[in-house]
Amino acid sequence: MTDYIGTMGAVEIAQAVRTGQVRAVDVARASLDRICSRNGPVNAVTRILEERALAEAAAVEARVAAGEDPGPLAGVPYGVKDLFDVAALPTTAGAARLRDASPATADADVIVRLARAGAVLVATLNMDEFAYGFVTENACWGTTRNPHDLHRFAGGSSGGSAAAVAAGMVAFALGSDTNGSIRIPASLCGLHGIKPSHGSLPMVGVYPFAHTLDDAGAFAGSAADLALVDSAMRDEAGPAEPLTGIAMLGGWFRRNLSPEMAGALVALEEALGHPPTIELADVAQARSAAYLITAYEGGAVHRSALRTDPLSFDPATRDRLLAGAALPEWVYRKALGQRALFSAQIDARLAQHDVLIAPCVFGPAPLIDDAWIEIDGTRQPARANLGLYTQPISLAGLPVVAAPIAAAGLPLGIQLIAARGRDRELLAFAAELERQGLTAGRIVHSQEHA
Amino acid sequence: MAAAIRIWDAIDGSDEELAAEVARLAGLPELPDRCVPGVALNARLLQRHLDNLSAPQR
Chain S
0 MTDYIGTMGA VEIAQAVRTG QVRAVDVARA SLDRICSRNG PVNAVTRILE ERALAEAAAV
60 EARVAAGEDP GPLAGVPYGV KDLFDVAALP TTAGAARLRD ASPATADADV IVRLARAGAV
120 LVATLNMDEF AYGFVTENAC WGTTRNPHDL HRFAGGSSGG SAAAVAAGMV AFALGSDTNG
180 SIRIPASLCG LHGIKPSHGS LPMVGVYPFA HTLDDAGAFA GSAADLALVD SAMRDEAGPA
240 EPLTGIAMLG GWFRRNLSPE MAGALVALEE ALGHPPTIEL ADVAQARSAA YLITAYEGGA
300 VHRSALRTDP LSFDPATRDR LLAGAALPEW VYRKALGQRA LFSAQIDARL AQHDVLIAPC
360 VFGPAPLIDD AWIEIDGTRQ PARANLGLYT QPISLAGLPV VAAPIAAAGL PLGIQLIAAR
420 GRDRELLAFA AELERQGLTA GRIVHSQEHA
Chain U
0 MAAAIRIWDA IDGSDEELAA EVARLAGLPE LPDRCVPGVA LNARLLQRHL DNLSAPQR
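If you read the sequences in order, they're chains S and U. Using numbering that gives the first Met the number 0, you'd call the opening residue of the first sequence number 0 and step up by one each time. Using numbering that gives the first Met the number 0, you'd call the opening residue of the second sequence number 0 and step up by one each time.
Treat the hints as calculated values from the structure; they're not laboratory data.
Some residues of chain S that are not near chain U, with every Cβ distance over 12 Å (derived):
1. A58
2. R98
3. R115
4. A236
5. R348
Chain S is nowhere near these chain U residues, computed Cβ spacing over 10 Å in every case:
6. A3
7. S13
8. E15
Per label pair, the in silico range of CB-to-CB distance:
9. S:V265 to U:R33: 45 to 53 Å
10. S:P274 to U:P28: 52 to 60 Å
11. U:S13 to S:G250: 36 to 44 Å
12. S:L340 to U:R47: 19 to 27 Å
C-beta: ideal position from N, C-alpha, C; glycine also.
If we strip away everything but chain S, and leave its shape as in the complex, we get (with noise of 0.2 Å):
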């Protein structure tokens, strides 16, 4: 079997069936190969879905033959986070209670868009249940491993997502983003992803954790590909202009990193040719904000099932559920009131540059069993941490793209972040600094995992 995914981007793939050089039904063949050799030790697949994935790339295949647009992601095999909803499967949301819940009488609204858009699905992916969490531990399903190094995580919650399209099982994939959940896993696991204005995707058929955070979003090796799968979702198309005037994130944002990642902020500082450096007030009481709200907003979701049952849960995010089911109003309208000081903060800071560039992670993925890192010179666990410098952001509905910095090494991540609305010049950026050699997906092409 021709080796199409992993060695070929989205945007090849939907080229070469459009074109009629390769046919969809191999293509899909080679993405459920691929799943069958290489999800074994990075444990990113919960469902395969071969004979969904078999009909749709058949259907692309007759359209082509037909002489009829096949759509721009012709052909192109890719995964979902298991919280959207795939028609005629329960919706887990990585929770075994509902592991057998009615199935779903519908595809979620985006998965609906990218099948008009001729893309192929072919797996459900592991994440933390609820998606409360960033290292992807399911009581359930298990840990999913770092395709880069199978010991370290691959970030959460939606570690699946990012771990499957860097092991090349599926050509992108969607996650969703409520404090970091695409950010920080596409910064472990080298690749592109976006966390897109807050709204400005469809969120029926997602299955909720924090309403006014939560985002649905992809990721892909390169900028190219999440340019193409974002607009697909979004019934938009044609090239943007990308951004130009750029800032650095100093202060928090420069505080508590890892040597690796000091070091390539100062090298990509260097290449950008020293833009200023500007500095957020109050981003301490603005990752607390978004920490309340999410506590407050997601236990509000689960109250009802934790009344009933409540070692149902998984432990790792029953007793944060339980936590947040019982925080007064009054602390979550508190949270909001500094959610608007710090989004009036940063709009106004988004006036005056174009992009501000901050670490996605502090560092290269933790290992799985020495998960530690150092904050403020206290030994603190990295699984309560690496949203340090995501959830903050988090809070502004912004898009952010998470982009990977060319560098040896372990994956890093930096966050590009816009003015709401500026998805697509933001994407163009992105691919900007791709073209120019500061960022590079990483994809794992060797059948020898690390």
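Since chain S is already given, all that's left is putting chain U on it; use the hints.
Chain U in isolation, oriented as in the chain S frame:
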């Protein structure tokens, strides 16, 4: 250190007391024993985040 604005009356109490208060506020008829340490830990963490939110800003 005592919290400036308390979310939980039992914040300075034992894990059992704090978890029991959280369970009551969340509407649980009873909290399984195995949940007590984690619920108390997370309740204290939420209090720390509120303390942080209430700290003087610049």
